[in-house]
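**Student:** The chain contents come next:
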Amino acid sequence: MPLLETRDLTASYGDFQALFGISLSLDERETIAIIGANGAGKSTFLKTIAGLLPSPPEAVLFEGEKIGGARAFANVRRGIVLVPEGRRLFPSLSVEENLLIGGYGRSGRWTLPRIYELFPVLSERRALPATTLSGGQQQMCAIGRALMADPRVLLCDEISLGLAPIVVRDIYAVFPVIKAEGTAIVVVEQDIVQALAVADRVYCFQEGRMTLSGRPTELTRDAIHAAYFGV
Amino acid sequence: MTDNTETTPRAHRFVVEGDGRAPRIAILAALVVVLAAVPAFAGRAALQDLFFVFTMLALAQYWNLLAGYAGLVSIGQQAFIGLGAYALFAATLIGHLDPLIAILIGGGVAMLLALPTAFVVFRLRGAYFAIGTWVAAEVFRLILAQVKQLGGGTGTSLGPDITNEMAGLKWIAATFGVRISAARDIANYWLALALLAGTLALVFFLLRSRRGLALAAIRDSEAAADSLGVDGFRTKLVVYVLTAFGTGLVGALIYLQKARISPDAAFSVLDWTAYVVFIVVIGGIGTIEGPIIGAIVLYLMQNYLASLGPWYLMMLGGLAIAIMLVSPGGLWGFVAQRFDLQIFPVRRRLRTRAD
Amino acid sequence: MTAALDTLIQGILLGGLYALFATGLSLIFGIMRLVNLAHGDLIIFAAFVILAITSALGLDTFIAFLIAVPIMFVLGYALQYVLLNRTLGSDILPPLLVTFGLSIIVQNGLLEGFSADTRRLPIGEIAGISLPLGGGIAVGIMPLLSLVAAILVVVLLNQLFYRTALGRAFRATSDDSETAQLMGIDNNRIYATAMGLAMAVCAVAAFFLGSRATFDPTIGPARLIYAFEAVIIGGLGSLWGTLAGGMVVGIAQTIGARINPEWQILAGHLAFLVVLVLRPRGFFPRAFD
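Going line by line, the protein sequences match chains A, B and C.
Position 156 of the first sequence, counting from 1, maps to 155 under numbering that gives the first Met the number 0, and the rest follow consecutively.
Position 91 of the second sequence, counting from 1, maps to 90 under numbering that gives the first Met the number 0, and the rest follow consecutively.
Position 149 of the third sequence, counting from 1, maps to 148 under numbering that gives the first Met the number 0, and the rest follow consecutively.
Hints may be right or wrong, so weigh each one.
[Claimed, not checked] With beta-carbon atoms standing in for the labels, derived distance ranges:
no.	chain 1	residue 1	chain 2	residue 2	range
1	A	Ala36	C	Asp174	53 to 59 Å
2	C	Gln158	A	Glu206	39 to 45 Å
3	B	Ala39	A	Phe15	48 to 54 Å
[Stated by the list, open to error] According to the in silico footprint, chain C covers these stretches of chain B (three or more CB under 8 Å from chain C):
no.	segment
4	27-36
5	66-80
6	173-182
7	323-330
Source of the hints: derived by calculation from the structure; they are not laboratory data.
Note that CB positions come from ideal geometry on N, CA and C, so glycine has one too.
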């Protein structure tokens with residue numbers, strides 16, 4: 000049984016339909032990447048799984064249980080944790096407090112010392128307001144914050160956005176440690192190279208529909224190009 | 000066999016137009032004429048009841064204009080009732096002017112004082128703006144309570160030497176064959192009807208005008224409106240001041256009718272804000288028709304239930320809460336949505352016309 | 000000179016009471032941007048709760064107050080969870096109109112249940128005790144205690160906000176309620192807890208109000224206005240600011256009363272208006288709002 004599964008998932012913003020029946024599954028310990036252009040529906044997809052957007056109960060299954068439409072905080076308790084697009088750290092909280100709040104609804108194997116071990120730069124700035132961090136450091140803080148909830152499924156929304164390539168590499172460098180904990184990961188990425196490097200399976204979205212799926216090694220550049228741009 | 004299908008799309012013109020329907024307005028004008036004739040066959044009690052409905056409805060239209068259209072939720076409109084009323088008393092008692100002129104002065108004074116009031120309260124937003132307007136009203140109340148010439152804290156009255164000398168009363172008394180006191184009721188009734196008609200006309204044409212469109216834009220999104228060059232501050236100020244003028248006129252008339260004033264009464268939150276808010280909320284905020292329904296509902300409730308005292312007010316409060324949660328558009332909003340009705344057409348539609 | 004000092008001290012003590020009125024309001028606005036127009040009426044409601052407990056159970060007023068605090072917490076929690084949470088959102092009308100309706104209901108409910116008679120919370124001889132400070136100035140012990148209580152409440156609330164997980168949750172929810180959900184925070188419960196806290200503070204305010212002055216069902220709105228003025232003068236988002244704001248209102252009113260007793264309240268309003276014109280954001284506004 001897959002850990003997480005979506006069946007014919009649709010999503011709309013008012014009159015605008017963003018997703019047209021996405022069906023995919025995620026197994027334990029698996030990492031999948033979703034690529035696609037802006038507006039393809041990738042973030043919408045993650046938000047719907049996380050519970051920030053509504054969906055019918057049977058459209059999202061976690062360990063076989065129907066969780067579509069469940070509120071986001073309830074999903075966190077289950078271990079479905081989203082690193083939101085744009086980091087969205089809390090300005091009123093320090094770096095350490097941002098990490099601590101990650102463990103509010105659920106906590107487990109990831110403790111504060113372990114997060115600092117993973118991202119030493121956060122430890123140096125632990126008492127400062129989170130907004131004083133650089134973009135890359137904020138992203139590390141956001142990921143650390145999500146890890147504090149001991150996720151079974153970690154959803155990462157565009158973590159490379161606005162960051163220099165070397166910073167992106169540093170961030171993805173910790174993924175093996177996260178994977179070693181047995182966490183399943185869904186990565187939404189515009190950086191195709193990074194997505195192909197980290198994922199076991201890759202899906203491509205285009206205008207709310209899945210246009211390609213497969214293992215990184217199986218996919219050709221032309222196939223990805225065609226699926227990405229819809230030509 | 001010829002193929003009738005078109006192979007090229009027709010060009011379309013996009014036109015934005017109001018909902019027209021001038022004939023409906025004619026019907027409403029006729030209604031006004033009918034209402035004007037009521038004193039010919041109605042007794043004083045009925046005239047006084049209608050006076051209450053007309054004046055409360057006018058106040059509700061002004062509050063609705065502020066809150067429902069301009070997004071300025073004020074719980075301090077009693078300031079302008081009180082100011083208008085006290086201006087009337089001052090103009091007649093001290094200035095020895097005819098009450099008719101004094102009513103206009105009431106509106107003028109309220110409008111003038113709305114400017115410094117706005118200067119202060121516009122610094123606040125949302126709920127804090129609301130309470131700020133209340134504080135402003137309290138300030139006016141407390142200051143006027145110090146004015147001994149107008150009765151200070153206990154208030155004062157208008158004697159018959161003033162109320163019975165209003166222009167036109169003798170003519171009414173002669174024409175209808177009634178005493179001066181009854182003539183007063185008829186005159187005040189007509190004034191209330193005139194004020195209401197004027198209010199409805201003002202609100203209607205304001206909303207259909209470009210400024211009305213600006214208001215709708217500001218209400219929906221001030222930031223977006225701003226980026227299009229709509230001056231939110233100026234538009235809101237104009238609406239605030241105009242509303243103060245109208246409210247002041249009505250306040251002056253109401254207290255001319257009562258002929259007795261006190262600071263607590265003229266600046267009462269319950270009488271001039273709570274009831275007005277209930278009318279608008281229960282009837283339907285953001286529409287012209289809503290307050291009409293609400294005023295009738297309030298009148299009926301007041302008539303039959305006011306004897307219940309505190310229970311009556313609790314019911315009103317509970318009803319307002321229920322409406323806000325269940326049908327925020329009020330009674331009219333519920334009906335209008337189901338049947339797509341509009342008696343006062345102020346919406347604009349985007350229509351396409353084929354060339 | 001002594002008269003001026005005495006006026007200042009009395010003003011500060013009165014300010015302590017006003018700060019107690021204002022703290023709950025400030026708390027709620029800081030966390031959920033809600034202004035509860037029934038706030039003043041709920042303080043009076045709490046005073047009547049204390050009164051009812053003393054007469055029904057024959058208890059000492061202070062004990063009744065201690066019992067009233069958790070009762071008000073639970074009522075506040077329920078009020079928010081069942082009713083007020085439904086009004087939260089981007090539209091400002093629903094919370095305003097619903098709390099306005101609530102204000103009318105509470106006032107008239109109290110009128111119906113307790114009549115319009117003025118009441119007082121009996122606290123025995125302690126009401127009359129005053130501490131001499133020298134130079135002919137004396138401070139009543141209850142006013143002094145209300146100032147102490149106001150300071151204590153602010154200290155405790157700040158401890159809660161900055162040293163506990165719940166406090167972190169409050170601040171996070173206030174910053175970004177959507178992302179707070181991603182932390183496993185249930186917004187509805189957080190808001191309800193905040194309102195419960197605010198109502199508990201209202202119980203404290205009620206105890207000090209009712210024991211030093213008379214009260215009746217209709218005086219709620221005036222308390223709301225003083226509370227509101229204190230919050231605006233102090234600056235949105237800062238509890239110490241609210242305390243300072245209470246002082247300003249208290250001092251202004253006391254000065255006004257010294258000039259002419261009829262000018263007391265007007266003086267407070269005028270001070271508020273002056274601050275609003277000169278420093279619209281108050282004296283200690285939070286950096287980001």
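**Student:** Quick check: the segment 66-80 of chain B, covered by chain C? Criterion 3+ residues, Cβ under 8 Å.
**Tutor:** It holds, with 4 qualifying residues against the three required.
**Student:** Given a hinted range of 48 to 54 Å, is it respected by the beta-carbon distance of Ala39 (chain B) and Phe15 (chain A)?
**Tutor:** For Phe15 (chain A) against Ala39 (chain B), whose Cβ atoms are near 60 Å apart, the range 48 to 54 Å is violated.
**Student:** How does the coverage statement for the segment 173-182 of chain B fare against chain C, requiring three or more residues with Cβ below 8 Å from a Cβ of that chain?
**Tutor:** violated (count 0)
**Student:** Count the residues of the segment 27-36 of chain B whose Cβ falls closer than 8 Å to any Cβ of chain C, and tell me whether that reaches three.
**Tutor:** violated (count 0)
**Student:** Are there three or more residues in the segment 323-330 of chain B whose C-beta lies within less than 8 Å of some C-beta in chain C?
**Tutor:** Holds, because 3 residues of the segment 323-330 of chain B bring their Cβ atoms closer than 8 Å to Cβ atoms of chain C.
**Student:** Given a hint of 39 to 45 Å, does the C-beta separation of Gln158 (chain C) and Glu206 (chain A) actually sit inside it?
**Tutor:** This hint is violated: roughly 52 Å between Cβ atoms.
**Student:** Within 53 to 59 Å or not, the Cβ separation of Ala36 (chain A) and Asp174 (chain C)?
**Tutor:** Given range 53 to 59 Å: violated, Cβ gap about 31 Å.
When the structure is compared with the earlier hints, violations turn up for hints 1, 2, 3, 4, 6 and for no others.
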